[in-house]
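J.: With the hints as extra help, turn the sequences into a complete structure.
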Amino acid sequence: MSWIPVCYEYDGTLEGFLTCVFESFAHHEEPVCFQTPHEDACTLWDTRSVNTDRRKAVRVFRSMDARLGRGASRLVYRAFLTCLEEKEVHIYRFLQYGYQRERGVMEELGHPLVSVLQKAVQHLEREAHLYTGFARFSDHRGILVGEIEPKNRVLPLIRSHFTQRYHRECFLLWDRTHQEALLYQPGQWVIVPMEELRLSAAAEEELHWRALWRRFFHTVAIEERRNPRCQNTQLPKRYRNRMTEFCRDGEGMEALPGS
Amino acid sequence: MNVMDKLTILTDAAKYDAACTSSGLERRGKRGRMGSTTMAGFCHSFSADGRCVTLLKVLMSNACAYDCQYCVNRRSNDVPRATFSPPELAELTIQFYRRNYIEGLFLSSAVIGSPDITTERMIQVLRLLRETYGFWGYIHAKAIPGADPMLTRQLGLLADRLSVNIELPSQHSLALLAPEKKKAGILAPMAQIRDGIAGSKEELARYRHAPRFAPAGQSTQMIIGATPESDRHILTLSQALYDKYQLKRVFYSAYIPVSDSKLLPAPRQFQPPLLREHRLYQADWLLRYYHFRAEELLDEDRPNFDERVDPKCSWALRHMEQFPVEVSRAEYEALLRVPGIGVRSARRILTARRAAPLSFDILKRLGVVLKRAQYFITCGGKMLPGLRVKEDQVLGHLAALERPALFAAVPEQLSLFDGEVGG
Ligand code: SF4
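As you go down the protein sequences, you meet chains A and B in turn.
Residue numbers for the first sequence follow my numbering, beginning at 1 and rising by one.
Residue numbers for the second sequence follow my numbering, beginning at 1 and rising by one.
Certain hints may be false.
[Claimed, not checked] DSS-like cross-link-like pairs, simulated, lysine-lysine; straight-line CA separation at most 27 Å: (1) B/390 <-> B/371; (2) B/371 <-> A/119; (3) A/87 <-> B/364; (4) A/119 <-> A/87; (5) A/151 <-> B/364.
Please keep in mind that the hints were generated in silico from the structure rather than gathered at the bench.
Keep in mind the model is a prediction, meaning the values are calculated, not measured.
T.: Below you can see the structure in the form of structure tokens.
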């Protein structure tokens with residue numbers, strides 16, 4: 001018996017999405033598109049709005065863990081953070097298939113439903129890894145403030161790295177793309193929505209350290225080995241507008257927090 | 001002299017050392033401390049030469065008492081000299097680290113006065129960082145040949161990685177170009193560090209709080225192309241260093257003409273052998289992660305690497321009797337020897353073929369890049385459909401694949417990102 005195609009409208013959170021999965025199995029509906037409140041409506045199918053229900057979400061997550069295995073639930077969690085287009089549909093189809101194959105599904109690396117998520121997650125993980133190195137912070141009255149502009153939602157992945165690294169500091173790392181921020185003070189962290197970040201001008205001392213860093217960066221390159229192509233592959237241009245060594249103070253107020 | 005000028009001079013003086021990685025040690029953050037380290041390490045930036053910037057790489061001082069011919073800092077060279085005071089350098093490290101510019105400090109130094117005085121001064125910097133600032137990030141320190149072993153030991157208790165540069169690939173070249181350094185003077189601290197690391201591991205197994213000596217291991221570097229040694233000579237030396245001294249890494253640094261000494265290649269028109277350096281890194285990678293031995297890759301008749309294709313392709317082309325490899329059945333080791341198949345691809349093939357029979361489409365979806373591998377594998381008994389190349393044309397095809405990439409020749413740090421095993 002075939003399931004009824006529908007379009008789910010939900011709040012865009014992982015819990016909301018898992019609630020949709022619950023509803024779909026409960027009502028034999030097959031979601032062919034997902035919509036969050038900010039998006040234009042798709043009109044081809046019946047639209048049903050789903051209210052996030054934590055208990056239902058937890059049930060789906062637990063059953064995923066138990067029947068498909070840890071690897072699969074981790075894949076789903078991470079895939080949800082990616083910028084994969086129509087990620088909800090892809091994840092939903094993976095789950096549909098996963099419940100048939102159970103634990104074996106994570107070995108089917110070559111299956112299109114599995115590999116599309118794997119690739120998206122690899123992209124996310126790679127981007128997160130790069131940002132652990134490329135994110136820049138400024139000292140703003142004793143608080144470290146940084147800004148990134150990632151394609152994927154990397155904050156949950158890089159959170160533990162930075163809270164380890166800055167164990168005794170206070171810091172704020174703002175994701176401009178997804179308008180959320182990681183806040184930390186010793187012993188506590190939280191990721192919260194943040195639409196905007198406005199700071200006053202950087203202090204004299206901050207400018208001093210930036211200038212030293214730029215000098216180091218430009219001096220350490222060996223002229224006889226100049227290789228801009230290699231530099232571009234390793235450090236694509238899109239990261240640079242938030243990196244101290246590629247910006248000048250006073251130019252482009254956007255570029256560095258508090259410049 | 002202000003810090004800006006010192007930083008400029010002492011960065012300029014340190015930049016020819018290639019050994020800049022922050023890998024080999026996982027150390028989580030700790031209450032009241034500043035920083036952490038990660039196993040794979042990572043890059044914070046890439047300079048205009050395409051090299052990874054991960055540590056604040058500077059010399060303590062460039063006012064050298066020695067006169068090594070291949071080095072910019074040699075006594076007889078006319079360059080501005082500077083020396084950091086320990087507090088200056090410690091503060092610089094901390095402030096860069098807080099802003100996420102760097103993963104830590106790579107501290108080396110010219111010989112100021114004597115090896116002992118130099119090492120003592122380096123110890124002062126490291127003490128300040130570790131004890132006063134509670135710095136928990138990465139420190140790579142250079143052991144100075146000829147220093148009192150007690151001092152080298154102290155240095156190793158404060159640093160994460162130690163290195164002693166072998167400098168030149170043969171005793172003869174060393175005697176000629178760096179008469180104040182002796183091969184024995186370099187190998188003695190190397191052996192001391194090896195034993196220190198082994199001893200510390202044993203103690204740690206017994207008591208958890210035993211002091212840690214260079215927990216991220218030991219590395220070295222040598223200069224390529226300043227002297228006449230062959231690739232075979234160099235790679236055999238590296239292999240011996242890995243075997244005998246348990247080094248984590250050997251770094252190769254293409255000679256940059258910084259001297260008009262008669263004993264060295266004339267600076268005019270000299271091109272640093274970057275491609276050769278790249279081939280050596282590729283071969284070194286094969287030694288460490290692909291179970292190759294130096295004598296398989298090069299021999300007396302073929303003492304240097306082929307410039308046109310990478311060492312693995314070149315080896316495979318000379319051993320066509322071992323190919324094609326059937327990917328549905330081959331052992332892990334055999335897969336690793338296929339050009340274009342790396343550690344990650346080989347592992348994925350093993351996993352995927354347990355779940356379902358393989359096909360070329362599936363291989364592609366696994367992320368296996370077939371450009372090179374296609375000439376060396378079968379899948380389900382068949383070569384890639386549509387592939388028609390005679391054996392003697394394969395070299396040409398492989399070389400054509402490399403040509404565009406050659407001059408963007410990627411430094412070895414890239415490998416960290418490939419998800420292959422981090423070095
Ligand atoms: S001892 Fe080191 S710094 Fe001094 S000249 Fe020799 S290589 Fe250069």
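J.: Which numbered hints turn out to be false for this structure?
T.: none
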